[in-house]
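Enquirer: Counting along the sequence shown from 1, when you hit position 223 you're at 223 in the UniProt record's numbering, and nothing is skipped either side.
Take these hints with a grain of salt, some might be off.
Cut-off 25 angstroms, straight-line C-alpha distance, at most; resulting in silico cross-link-like pairs (PhoX-like, lysine-lysine) [stated by the list, open to error]:
(1) K49 - K362
(2) K466 - K494
(3) K72 - K49
(4) K166 - K49
(5) K224 - K205
(6) K166 - K193
(7) K166 - K107
(8) K473 - K72
(9) K335 - K303
(10) K272 - K193
(11) K49 - K335
Source of the hints: derived by calculation from the structure; they are not laboratory data. The structure presented is a predicted model; accordingly, all values stated were derived computationally and were not measured.
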Amino acid sequence: RISMLSWGEAFRKSQQMSDGTPRADSFAFPNVEAAVAARKRDDRFDGCKEIQRQLFFPGPLTRQYSSEEVQKLRASMKDLQVYPCDEENPCEIPAPFVSFEEAFHNKPDLLAEIAKAGLRTPSPVQCQVWPCLLNGIDTVGVSQTGSGKTLAFLIPAFLHLDEQLKLYGPGEKQPCPSVLVLTPTRELAQQIKREVDKYSYNGYKSVCIYGGGSRSGQIDECVKGVHIIIATPGRLGDLACEGVIRLNTVSYAVLDEADRMLDMGFEPSIKKIMFDIRPDRLVCLTSATWPPGVRALARRYTKSAAMCVVGTLDLTACNTVTQYVEAHDGAEEKKKRLIEIVHYLNQAHAGNYKMIVFVSAKVMADDLSSDLCIAGINSQAMHGSRSQQDRENVLKCFVAGQVRILIATDLASRGIDVPDVTHVVNFDFPGEIEEYVHRIGRTGRAGRSGEAMSFMCRRDWDKAQKLIDIMSKNPSNEVPDWLEDMAQRYEAKKASGTLRPRQPFRRREREEKTMGY
């Protein structure tokens with residue numbers, strides 16, 4: 001049994017060093033200089049050895065490129081853009097790798113695991129993120145979902161562990177954990193854990209920590225000693241605050257899907273966790289979008305970082321997804337149209353497809369699943385009110401193809417990596433256009449083609465122009481005349497000052513239940 005401190009006592013102790021003086025990140029200091037001075041004498045990191053940041057050494061396949069050749073090489077990688085995050089203190093960004101053999105020529109066991117996984121060539125984001133991290137440079141990776149960001153930070157984490165553990169002799173206590181991956185959802189945490197287990201590199205132990213899982217089981221695994229922690233900020237922040245888990249040995253930190261973590265309100269937990277780990281850690285931050293909040297996060301937790309962007313920083317949908325939009329009023333009309341689409345796919349593709357249907361409310365997910373069942377269509381609903389075991393079983397059935405249609409709230413719009421999803425349906429149009437991009441990004445992954453159908457009704461007219469902007473960036477998308485008319489009417493109404501403010505979500509949700517939405 002592990003005795004638990006009360007939250008208040010734990011927080012008070014977390015703000016102090018062993019001699020009782022305030023910690024550098026506490027609120028007890030009058031200015032930044034005092035906080036920095038205290039952090040230098042912070043005894044939490046006593047005994048931590050210097051981080052080995054240089055992990056890449058040139059091999060027989062390493063080429064020396066001119067600056068012009070590097071620019072051409074990056075342009076050939078889906079318009080890969082690279083530049084320093086900190087203009088005042090810029091880093092020297094290495095040339096991208098072009099093959100696994102060039103990147104890991106001195107790690108034959110790792111190359112064997114990569115070949116066993118069926119990978120042939122690295123993705124553009126991997127080509128540039130790997131040389132940055134392996135040269136000890138903090139890195140920010142911005143690219144669309146399904147672009148290979150997970151392996152971009154995982155493989156350098158394995159190599160970081162290799163070199164860091166070599167510093168400790170047989171009688172010395174190894175730093176556990178050394179690698180921390182923060183991620184927004186339990187589903188994404190579990191997905192990353194599966195990737196770690198799939199490579200089973202050097203027998204490194206990992207644990208997945210998230211709300212809704214067995215708290216005691218997660219604590220027991222950490223007490224036994226793990227090299228890699230994959231966690232959601234909320235649960236990990238609670239355990240760290242209670243003193244159950246110590247993060248002072250973490251030397252490699254990843255903020256995965258940073259934009260989503262901020263959307264979910266995890267910034268306070270992230271701040272607490274990042275102050276608990278070593279100040280000289282290596283940091284990798286990934287994101288699908290680049291809003292101001294993520295920029296601030298990158299400035300706060302990276303030092304002289306390299307920025308790696310695949311595509312553009314403007315909000316855009318994956319160009320392998322063909323987008324369609326239809327106007328429908330009322331849930332019954334949308335249900336009828338969805339059933340028509342499913343019947344068409346069953347005939348045209350002989351049932352060889354996978355579809356995610358997004359809805360805005362949990363009750364709608366269950367109702368729609370029941371209605372499809374009555375129509376003879378097999379589907380499963382997935383949302384936050386279902387137990388963790390139920391959600392895992394539903395996802396397993398969907399991945400295995402036992403269920404072709406997954407009905408989900410935005411819980412599943414990011415972080416679930418099912419690479420062979422062929423169709424996405426926005427049954428309820430999302431409240432923000434950014435969420436629209438994330439939703440349809442569930443299909444068209446890893447170069448595959450996909451299709452996305454969105455149902456819009458009159459109350460969605462404030463997103464019409466933004467949707468037109470997204471769709472117009474891909475010539476394969478046809479913008480209907482009624483959508484342009486809807487956007488013009490909304491802008492005219494807005495300019496005239498007669499536009500009524502939208503109702504709060506909770507009120508709308510109650511009305512939708514009454515109306516059958």
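Enquirer: All hints, please: hold or fail.
Expert: Here is how each hint holds up against the structure:
Proximity of K49 to K362 is assessed by CA-CA distance (about 49 angstroms); at most 25 angstroms being required, the pair is judged violated. Under the criterion of a C-alpha separation no larger than 25 angstroms, the hint pairing K466 with K494 is consistent with the structure, at around 15 angstroms. Our distance criterion of 25 angstroms between C-alpha atoms is broken by K72 and K49, whose separation comes to about 40 angstroms. Only pairs whose Cα atoms come within 25 angstroms are accepted, and K166 paired with K49 is accepted, the gap being roughly 11 angstroms.
A hinted pair counts as satisfied when its Cα atoms are at most 25 angstroms apart, and K224 with K205 qualifies at roughly 10 angstroms. Of the pairs offered as hints, the one joining K166 and K193 holds, with about 24 angstroms between alpha carbons and a cut-off of 25 angstroms not exceeded. Note on K166 and K107: the hinted pairing holds, with a Cα-Cα distance of about 15 angstroms set against a maximum of 25 angstroms. For the hint linking K473 to K72, the alpha-carbon distance of about 24 angstroms falls within 25 angstroms, and the restraint holds.
Between the alpha carbons of K335 and K303 the distance comes to roughly 51 angstroms, so the proposed pair goes past 25 angstroms and is violated. Restraint check for K272 and K193: satisfied, since their Cα atoms lie roughly 23 angstroms apart, inside the 25 angstroms limit. This hinted pair does not check out: K49 and K335 have alpha carbons roughly 60 angstroms apart, beyond 25 angstroms.
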